[in-house]
Amino acid sequence: MSGMHGGNIAIIGASETREVGVLPDRSMIQLHAEAALLALADAGLTAADVDGVATAGPLPMEVSHHIGISPRWLDGTMVGGCSFMLHVRHAAAAIAAGEASVVLITHGESGRSRVGVGGYRANPAAPQGQFEAPFGALAPYATFTVPALRFLHERGMGRRDLAEVVVAQREWAVDNPRAFRRKPVTVEQVLDGPPIAYPFTRDMCCVVTDGGGALVLTSAERAADLPGGGHAVYLLGSGEASEAPLMSQMDDVGSFGAFRRASAEAFGTAGVSHADIDHFMGYDAFAHLPLYMLEDAGFVGRGESGAFIAEGHTRKGGRLPMNTNGGGLSYTHTGMYGMFAIQEAVRQLRGQAAVQVPGVTLSFVQGVGGFFWAAGSLVLANRRP
Amino acid sequence: MTGGTVPVPTPETETFWAGTRAGELRVQQCGNCGRYYFYPRPFCRYCQSSDVTWRTVSGGGRLVSYVINYRPLPPADPAEPQVIALVELDEGPRMLTNIVGVPPEPEHLPLDGRVQVDFEERGDQALPVFRMAAGDPR
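Chain order of the listed sequences is Z and E.
Start counting the first sequence at 1; every next residue gets the next number (the numbering used here).
Start counting the second sequence at 386; every next residue gets the next number (the numbering used here).
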């Protein structure tokens, strides 16, 4: 083995919680544990095999202790909902360096039912508390959304382009029994829906759910000898980047530099081109994010994202099937959706998705953290190059 | 806009908030690279020089982007839509703010339109808010 990329590290276990959606009978920490034990079973391993733990939300020792693991490697990197993309690449680096052998990455969030979760209150002396919160930038729908009009304005695009994202993704969710929103919608219905924060109506905003997910990583060499080795998914490349922890201070309101940098590093380390990618997961807390991501990650040119989606290229049979679980807009969104984007990429690469795209071999996963704060990108494959 | 959280200044930002309480918008400029930057800190965020000076700026700028938030959270008035906006000052820095003085409707909020700072009391502080201003977009 040499290096963290190029297929030397494998995801050999992956699972979400048994259900996602409304789970008032489970606390946040138990959602982590449920997903973790399912992912270990999927890998054919037990907690005793794990020597590395990464999580975001709770501290890694809270998860380790709850499950019964004494790790020799911990990662509590917390950059918002794409933290799990960063955990994957940090775990890969640790495994490649011999610092860990089997790494467990967990997510669980009682985002809807709020069971076992502390309250959230912005610190009024922090930069965000002084320079954003007093103006009403508190809820994600009133903060993450603020740059969108600029993006649309600079490209001659409009609200219809946001609605087309919703319609395209709902098409995937209709056939996914685990999806939270499954009713087909039209562009007009999305535009006429309850206004949340202009230009965003309700269905342009993600669902709010409970759930969890976990991943188990080890070296490709070890994976070959494990029960989970037969369905291993390999890390070809990855990248991470951050900008400002205040949306208002992002370098360019109409394009996110962290998407550009993280995705470029992922493509570069993987040694693949955009044309090689046959499946794309783009973290969609709100409908403008897939538009930013398609352009910033270079799948389409500047100003082409809206037409690309409206013309059906991200739908069934399209050349870049995107957010095939229905995405955060329709499938599930616990608060930190990144884990679910990775889970769907793994399912598609294994041929086990609820709505399977035929012949997926290379999946690109683009995550966002906070409100345009950070980004993480993964290139995943179902065979070693 | 009615109500909302109250900022708590730190030693590094107190000059800014003292300015808004006095009806002035104060922004720091770097003596080394010449750039204005925001939010306040005692060194330049572009070149890390500590040769920085507080400037009282005109408070003119342009509207970069916004949302009209129909669901304000407490302590803001949940019945009063908020225009949560990004404004770029003529000197360069960008700030989050509220646009006040016009109905919260898109036709009154042209992107790139000129804006001018105003100040609204909030608790023991004063917030820099902006009004749409006459003049051509830049």
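Source of the hints: derived by calculation from the structure; they are not laboratory data.
Heads up, a few of these hints could be off.
[Stated by the list, open to error] A few chain E residues that face chain Z, going by a derived Cβ cut-off under 10 Å, partial list only:
{"#": "1", "residue": "Thr390"}
{"#": "2", "residue": "Cys415"}
{"#": "3", "residue": "Val452"}
Cβ atoms here follow ideal geometry from the backbone N, Cα and C, with glycine treated the same way.
Inset, instruction - List, from low to high, the hint numbers that the structure doesn't satisfy. - result: Hint 2 contradicted; others consistent.
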